[in-house]
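Engineer: Residue numbers (my numbering), protein chains in the order written: chain A, 1 to 432; chain B, 433 to 725.
It should be emphasised that the hints constitute simulated quantities derived from the structure, not laboratory data.
The structure presented is a predicted model; accordingly, all values stated were derived computationally and were not measured.
Quick reminder that beta carbons are idealized off the backbone N, C-alpha and C, glycines included.
There may be inaccurate statements among the hints.
Residues of chain B placed beyond 10 Å of chain A at every Cβ, according to the derived structure [to be verified]:
#1 Gly464
#2 Leu473
#3 Val484
#4 Gly581
#5 Glu620
#6 Leu623
#7 Arg631
#8 Gly670
#9 Gly691
#10 Leu718
Computed from the model, here is a short list of chain A residues facing chain B with C-beta under 8 Å [unchecked claim]:
#11 Gly247
#12 Asp250
#13 Gln274
#14 Val389
#15 Ser408
#16 Arg426
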Amino acid sequence: MTYTKAALGVALGLLAGTAQAQTEIEWWHAMGGQLGETVNQIASDFNASQSDYMITPVFKGTYEETLTAGIAAFRAGEQPNIIQVFDAGAATVIGAVGATIPVEQLLNENGVDFDINDYIAGVRYFYADADGQMIGMPFNSSTPIMYYNEAALEAAGVTPPATWEEFAEVTGPALRDAGYIPLAQSHLPWIFTENFFSRHNIQFASNDNGYTGVDTEIMVDHPAIRAHFQALTEWQESGLFHWYGSGWSDNQQPFEDGDVAMWLGSSGSFGGIQDRVDFPFSATFLPYWEAVTTEPTQTFIGGAALFAMSGHSAEENEAAAAFFEFMSSPDVQYMWHRETGYVPITTAAYEAAAADGHYDRFPAAEVGIQQLTLPAGEFTRGYRMGFYVQIRDVMNREYGRILTGETSVEDAFSNIQEEANQLLDRFARTQG
Amino acid sequence: MKRTAFSNPWLPILLLVPQLSIIAVFFYWPAGYAIQSSFYLQDPFGFGSTFVGLENYTDLASSTNYLDSLKFTVLFTIIVTFLSLGIALLLAVKADKVLRGARTYRTLLMWVYAIAPPVAGLMGVMLFDQSRGNLTQLFRSLGWDYTLGVNYWDTAIAMISVSVWKQIPVNFIFFLSGLQAIPRSVREAALIDNPSGMRRFWDITFPLLAPTGFFLLIINITYALFDTFGIIDTIVKGEPGNNPMTLVYRVFVDGFRGGDLGGSSAQSVVLMVLVLVLTIVQFRFLERRIHYT
Numbered sequence: 001m002t003y004t005k006a007a008l009g010v011a012l013g014l015l016a017g018t019a020q021a022q023t024e025i026e027w028w029h030a031m032g033g034q035l036g037e038t039v040n041q042i043a044s045d046f047n048a049s050q051s052d053y054m055i056t057p058v059f060k061g062t063y064e065e066t067l068t069a070g071i072a073a074f075r076a077g078e079q080p081n082i083i084q085v086f087d088a089g090a091a092t093v094i095g096a097v098g099a100t101i102p103v104e105q106l107l108n109e110n111g112v113d114f115d116i117n118d119y120i121a122g123v124r125y126f127y128a129d130a131d132g133q134m135i136g137m138p139f140n141s142s143t144p145i146m147y148y149n150e151a152a153l154e155a156a157g158v159t160p161p162a163t164w165e166e167f168a169e170v171t172g173p174a175l176r177d178a179g180y181i182p183l184a185q186s187h188l189p190w191i192f193t194e195n196f197f198s199r200h201n202i203q204f205a206s207n208d209n210g211y212t213g214v215d216t217e218i219m220v221d222h223p224a225i226r227a228h229f230q231a232l233t234e235w236q237e238s239g240l241f242h243w244y245g246s247g248w249s250d251n252q253q254p255f256e257d258g259d260v261a262m263w264l265g266s267s268g269s270f271g272g273i274q275d276r277v278d279f280p281f282s283a284t285f286l287p288y289w290e291a292v293t294t295e296p297t298q299t300f301i302g303g304a305a306l307f308a309m310s311g312h313s314a315e316e317n318e319a320a321a322a323f324f325e326f327m328s329s330p331d332v333q334y335m336w337h338r339e340t341g342y343v344p345i346t347t348a349a350y351e352a353a354a355a356d357g358h359y360d361r362f363p364a365a366e367v368g369i370q371q372l373t374l375p376a377g378e379f380t381r382g383y384r385m386g387f388y389v390q391i392r393d394v395m396n397r398e399y400g401r402i403l404t405g406e407t408s409v410e411d412a413f414s415n416i417q418e419e420a421n422q423l424l425d426r427f428a429r430t431q432g
Numbered sequence: 433m434k435r436t437a438f439s440n441p442w443l444p445i446l447l448l449v450p451q452l453s454i455i456a457v458f459f460y461w462p463a464g465y466a467i468q469s470s471f472y473l474q475d476p477f478g479f480g481s482t483f484v485g486l487e488n489y490t491d492l493a494s495s496t497n498y499l500d501s502l503k504f505t506v507l508f509t510i511i512v513t514f515l516s517l518g519i520a521l522l523l524a525v526k527a528d529k530v531l532r533g534a535r536t537y538r539t540l541l542m543w544v545y546a547i548a549p550p551v552a553g554l555m556g557v558m559l560f561d562q563s564r565g566n567l568t569q570l571f572r573s574l575g576w577d578y579t580l581g582v583n584y585w586d587t588a589i590a591m592i593s594v595s596v597w598k599q600i601p602v603n604f605i606f607f608l609s610g611l612q613a614i615p616r617s618v619r620e621a622a623l624i625d626n627p628s629g630m631r632r633f634w635d636i637t638f639p640l641l642a643p644t645g646f647f648l649l650i651i652n653i654t655y656a657l658f659d660t661f662g663i664i665d666t667i668v669k670g671e672p673g674n675n676p677m678t679l680v681y682r683v684f685v686d687g688f689r690g691g692d693l694g695g696s697s698a699q700s701v702v703l704m705v706l707v708l709v710l711t712i713v714q715f716r717f718l719e720r721r722i723h724y725t
């Protein structure tokens, strides 16, 4: 072991003689396809922008797989410097104090200016701890929005609906009669549950949606969401809504094929759709129920954040800090936003995009960020719950059973509430 | 069994050491660790763990969802084993009779074996895909609204078909060599006694194939229980939703994906006991009825 290390050291030393002493760091991410190419672009831009540090991005599969790989690597002492962790895994990684270095602390220690108020309101506190310290740097921040096929809406003679009532009475039937499947969506737990609660400013879990403690109880079994799923089953029956399973792309494909007129997806889907479809499309806010609220509130960010993992040398941490600084700079943020559709995380980047006329050319690209800056409410910051990946699995299972007629809305929600609370209780005890 | 005497008592032990150490490192050690973790609740990052006794097990026993997976796994294993053995035997018997171009036929039937499970799963996904799949389109043209990933049983059908398809070649190879090992004189004698092909197969060929069949039965049950993981993962695309799951896939979903190491350790211990019982039953009761030549 020591010999190998010594030999490596000599070899690296020889290499370094030619290329200065570069600090190499690794970044594990979950961005495949077109997003992965943009990630590689950011990494190579960073490497080209200076000569002290060198970052290597490594694609680790889905969000779940990346987090799992990171945890396994941490337990084996082989963790990467930076890891991308998605929204549902936030409680796990933030709960593991000591596994990561809070990004705010990392930046301050390495002399990088940090002011949380530079970040856009809807982005600021999702990955922060109870004291408001930013733990993870929001990276690909997205929010669910409604994409629509402009040609389809024109053919049906309707405009995109602002409320679900409008959809049920006007938009949906008109689109159906024009020969389209009016509505599909890609992620029931994210779009029709978590953000449903935020959009209507309804409490999702105790302890301030889970932010102020771990003995949290989920409050998902709420009359408003039960009514929403009841409506979904009715719409499914009358041909206003179609569900293509719990796979994301199975639901997105029919929209891209032009069969589905309106699709609820991620603001980060913008780049991919733009590359692939040949019909004019645009996007608008997630509709809300007027019967529930007349003052709809903002949604919160989904997507993922970058966490600096602990257990590395000071030089490597310095390199990670330098990369975070580069990544959150307006130019890089604007490039990321433009290429992918993920929202810019800082006000400066948002202004840079607006000044460049990006939103005049692509109005749909601004929808996500506008929705994130809608009026906030008491319960719009997000949620923080442990074992949330499994809770989402429970939701997906029960929702699937509702939409295939195997269970009733009432039974499904009481099951979700019960099983989720068991999981939360188990998680609370792992933290004790 | 003949007793072989070694002059040096240490020699047999020495010869067994490599094998035993492999078993110890790759089986006993992880199995012991799994049993230990199954009594704890653990933080995913390994910062802390709490002893909870049998709670992980009682939770499993009271979870209707886990019991559903158990039921599905039993059904899945029976169907996959039965179909892949049955179809392979039929193909082997027919291929055994082919005189011209026999090699070509056999190679064509065998080469599916070379496909890795995730690739097989991926091909299955392409064939059964909701909007583009060739089989989906075929089913729809026949008036069956087949939807992978939406309907529980439709997904199950895709899992079973791909798993069976992937396993047939292995069984085929073994059955074919088993058939060719049956002495020609026995077959000719049978032919004189009874002209019915069906009777000859069940009375003579099938019993003589029994050792091969027994071996394949064990291999196939193990395959259906464990090795179908890659296929299932590809078909459900990592989002189990309301799709069926086998017990092994559940261990992965709850433990690795969900971060509940204690609970999923308990699941793997249950699985371990299940396989142990199954193996004992097979050797105790089934093997007695089989005659090795």
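Engineer: Next, verify each hint and record whether it holds.
Structural biologist: Results of checking the hints against the structure:
At the 10 Å boundary, the C-beta of Gly464/B stays outside the reach of chain A, the nearest C-beta of that chain being 18 Å off. A Cβ of chain A approaches the Cβ of Leu473/B within 10 Å, the least distance being about 5 Å, so the stated non-interface status is violated. For Val484/B, the condition that its CB be more than 10 Å from all CB atoms of chain A is violated, with the nearest at approximately 8 Å. Not every beta carbon of chain A lies more than 10 Å from that of Gly581/B, the smallest distance being close to 3 Å; the non-interface claim is violated.
Listed as a non-interface residue, Glu620/B keeps its Cβ farther than 10 Å from every Cβ of chain A; the least gap is roughly 57 Å. Interface exclusion of Leu623/B from chain A stands, the closest Cβ pair being 55 Å apart, more than 10 Å. Listed as outside the interface, Arg631/B is consistent with that label: its C-beta sits roughly 47 Å from the nearest C-beta of chain A, beyond the 10 Å cut-off. The claim that Gly670/B is not at the interface with chain A is violated, since a C-beta of that chain comes within 10 Å of its own (minimum 5 Å).
Its closest Cβ contact with chain A, about 6 Å, brings Gly691/B to no more than 10 Å, contrary to its assignment away from the interface. Leu718/B, annotated as away from the interface, keeps every beta carbon of chain A farther than 10 Å; the closest lies near 37 Å. With 8 Å as the threshold, the beta carbon of Gly247/A comes within range of chain B, its nearest partner Cβ sitting at about 5 Å, so the hint holds. Interface restraint check for Asp250/A: the shortest CB-CB distance to chain B comes to about 5 Å, inside 8 Å, so the restraint holds.
Violation of the interface hint for Gln274/A is found here, the shortest Cβ-Cβ separation to chain B being roughly 21 Å, above the 8 Å cut-off. For the restraint placing Val389/A at the interface with chain B, the shortest Cβ-Cβ distance is roughly 5 Å, inside the 8 Å limit, so the hint holds. Of the supplied interface hints, the one on Ser408/A is violated, with its beta-carbon coming no nearer than about 14 Å to a beta-carbon of chain B, more than 8 Å. Evaluation of the Arg426/A hint against chain B yields a held restraint, the C-beta minimum of about 6 Å falling below 8 Å.
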